[in-house]
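A.B. asks: Chains as they are written, first to last, in my numbering: chain A, 5 to 396; chain B, 24 to 373.
Each hint should be verified, as a subset may be incorrect.
Stated by the list, open to error - Covered stretches of chain A, as calculated for chain B (at least 3 residues, CB under 8 Å):
1) 86 to 95
2) 344 to 358
Stated by the list, open to error - Examples of chain B residues lying across from chain A (beta carbon under 7 Å, computed):
3) 150
4) 226
5) 227
6) 228
7) 276
8) 312
Just so you know, the hints here were simulated from the structure itself, not pulled from any lab data. Treat the numbers as computed from the prediction; the structure is a model and nothing was measured. Every residue gets a Cβ at the ideal spot worked out from N, C-alpha and C, and that includes glycine.
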Amino acid sequence: MDLHLSPAHLTFRDELRAWLRTNLQRPWRDELRDPAHTEDSLMELRRAWQRKLHEAGYLGMDWPREWGGRGATAVEKAIFEAEMAHADAPQILNTLGIGLLGPALIHHGSEEQRRRFIPPMLAGDEIWCQGFSEPGAGSDLASIKTSAVLDGDSFVLNGQKVWTTFGPWADWIFVLARTDPKDRYGGISFLLCKLDTPGVTVRPLRQMTGESEFGEVFFEDARVPREQLVGHTGEGWRIAMTVLAYERGAVGLAMANRFGRDLAELAAACRELGRTDTASREKLGRLVVENEVLRAAGVRMLATLAEGRAPGSESSLEKITWSEFDKRFRETALDLLGPGGQLLRHAPGARSEVDWAREYLWSRAGTIYSGSSEIQKNIIAKRVLGLPQDGR
Amino acid sequence: MRFALSEDQALLQRSTREFFAAEFPMEQNRRVMEHEPLGFERAAWSHVAEMGYLGLTVPAAQGGQGLGAIELAVVLEEAGRQCVPGPLLDAMLAATLLASGTGQDALLADVLAGRRLLTIARDEALYAGRGTAATTAAQGRVRGTKFFVPFAAAADALAVTTTDGVVVANGPFQTTALPTFDLSQRFAQVTLDSPATPLGAPALLGRIDLLASVGAGAMLLGIMSRMLEATVTYTQTRQAFGKPIAIFQALQHRMAEMLGRTESTRAAVYRAAWCLDHEDLETTLACAAAKAWAADAARLVCGEAIQMHGGIGFTWELDVHFYFKRAKTLEQHYGSTTVQLERALAAAGY
């Protein structure tokens, strides 16, 4: 066992920290509490932050240099995420483009597609949203019905996508569409569609947080040029699976850093509010313990990557661990803060260290998106425990 | 960076697993737990001593193996998995404590060779929150009453915490057995009024507390691994409604949860051990978190094992109850969850 970062990784981390000290003006929480900000101005701030990272060579961490990436290792990518969380840096704007589509194009796209789409994706000039889920296809993603029929040099798209994160701010969407209604997995293709294409309508979808980061996208005879098919017809499912493995990534340590920061704020708030009775201390203590366990799991994941092993199903365990803890953490936080914890961001008397009310609501999303906890448990039961399958 | 065990550590793990499987088969463990009044057999104990386990974390210059908390965790995980009865953890901790004090070379040599048994007497009450430290050591005598002293009836000497520091008292002792539902462990109440020699300041216990957290956490981890294996195997054998019950999603998800608890415990315990060996700044927090988490996780995993075995899971005949009971002992001793939560909060500065 050796849990020390290697000298090269330490150098990488220290350079990144130094860069953050110079370039990160305000932590994200301070931006959020600034009453001058609107939802739009926060999005623009994220775009500007993305450009800064790009100029410094910190985007597309594990992509080949040839495609504008850094050519870094999975370990450096995880360290990068952990340090961003530690510093409370804003998220980049094009998370889905860079997080999901970039890898899809690098692995499965054509030379022309990479040349056309990757540079504006990295620069934040073209923002992408993800068209996977449909009203009738969530956990059972392969049951999508949006159809793509080849007509001359175009695919004609019809159907509806939902939970399209960033839909309202995006310029483009990558879509899983059915090119063969008879072949469940092999009848799915991966298409790129501009959102101002005639026949495409984007509607914001109001989330339980009151925000509209999500959207719905409707396709009515929308024509997508044939060159915007990624891979071959019928390869969409395979591409989507590659991409989703990237989405889960190695985020345990980053999450432990993020929760750890909020936990320190919660501890300070409890002191200030006089919540130092035994019952409150026990609740706080259990959160500290659980976050340390998450950190340990994150360190283990980092070491697994450093040994050159692909994490595989371990990323399912990691996702359950952090997202289920997020819910317990936010519940306990509101419990300890009392009714004041529900105050909206700019309400009189609202606490400013963390937007507790928003975090409480948001924690309900983590166990659903990117493969629900139930789907992760199916994966673990099948691939790790080797339990018999009943037609699933 | 590497989470996997080193070659030497992996070798220790293999040889320990083989040794325990050969020396402590479950039928024999059951016989010892049910019928041996001391809770272990002297013959098997000298084999344990011959393997060098008792001095695993004692410096080589003092006759031990000079190994660290990771190796301690490796051995105790296997002991937990195989349900090895007896004072293994207690004796390892006591030997380490003895080696960290002064003037006990002869006793240490005997302890490491398995000729004399030493455990640590600490608790001053039967129930939580009822004790105030009252055991004294003055004019060469230790006086007081200690509760839940591990394997006191078999102990030749005790390391005793007193208001005047840690002392060593030689037996025989006046003991009253405190039988609990866990047959892998024996406890007694000890009334002390015997000659004692000073070992050192209470600060000696700081490192022992951390080692105890890692050690107990590792045993809990071994217990969990075994219970998960047993459940995964049984549910694929047991048929209901014409199918192996493992096919039902209601059980699959719970077994996935058991795996999650087991693997997060593995990460926490071995990271804590590593921190302890490297004097990392996070050591106290990591050890407290590992033990507190392992205790809750093991209770859940063993409880789920009972539940998924159904009626047979509640019988004496099946081995599962021995593991379930031991998990509770390991939870309430070696730094209870209440104690660990306080340590975690203090270490985090909250």
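A.B. asks: Can the hint on residue 150/B be confirmed by a CB-to-CB distance to chain A that is less than 7 Å?
C.D. replies: Result: violated, 17 Å to nearest chain A Cβ.
A.B. asks: Mind checking the CB of residue 226/B against every CB in chain A and telling me if the closest is under 7 Å?
C.D. replies: 24 Å, violated
A.B. asks: Given residue 312/B as an interface hint, is the shortest Cβ-Cβ distance to chain A below 7 Å?
C.D. replies: 3 Å, holds
A.B. asks: Tell me whether the statement that chain B covers the segment 344 to 358 of chain A is true, taking a Cβ distance below 8 Å and needing three residues at minimum.
C.D. replies: Violated: only 0 residues of the segment 344 to 358 of chain A have a Cβ under 8 Å from chain B.
A.B. asks: Let's test the interface hint: is any C-beta of chain A closer than 7 Å to that of residue 228/B?
C.D. replies: 21 Å, violated
A.B. asks: Quick one, is the residue 276/B hint okay against chain A at 7 Å, beta carbons?
C.D. replies: 4 Å, holds
A.B. asks: Is the listed coverage of the segment 86 to 95 of chain A by chain B valid when you require three or more residues with a beta carbon under 8 Å from a beta carbon of that chain?
C.D. replies: It is violated, with 0 qualifying residues against the three required.
A.B. asks: Just to be careful: measuring from the Cβ of residue 227/B to every Cβ in chain A, is the smallest value less than 7 Å?
C.D. replies: Since the shortest Cβ distance to chain A is 26 Å, the answer is violated.
Checked against the numbered hints given earlier, the structure breaks hints 1, 2, 3, 4, 5 and 6 and satisfies all the rest.
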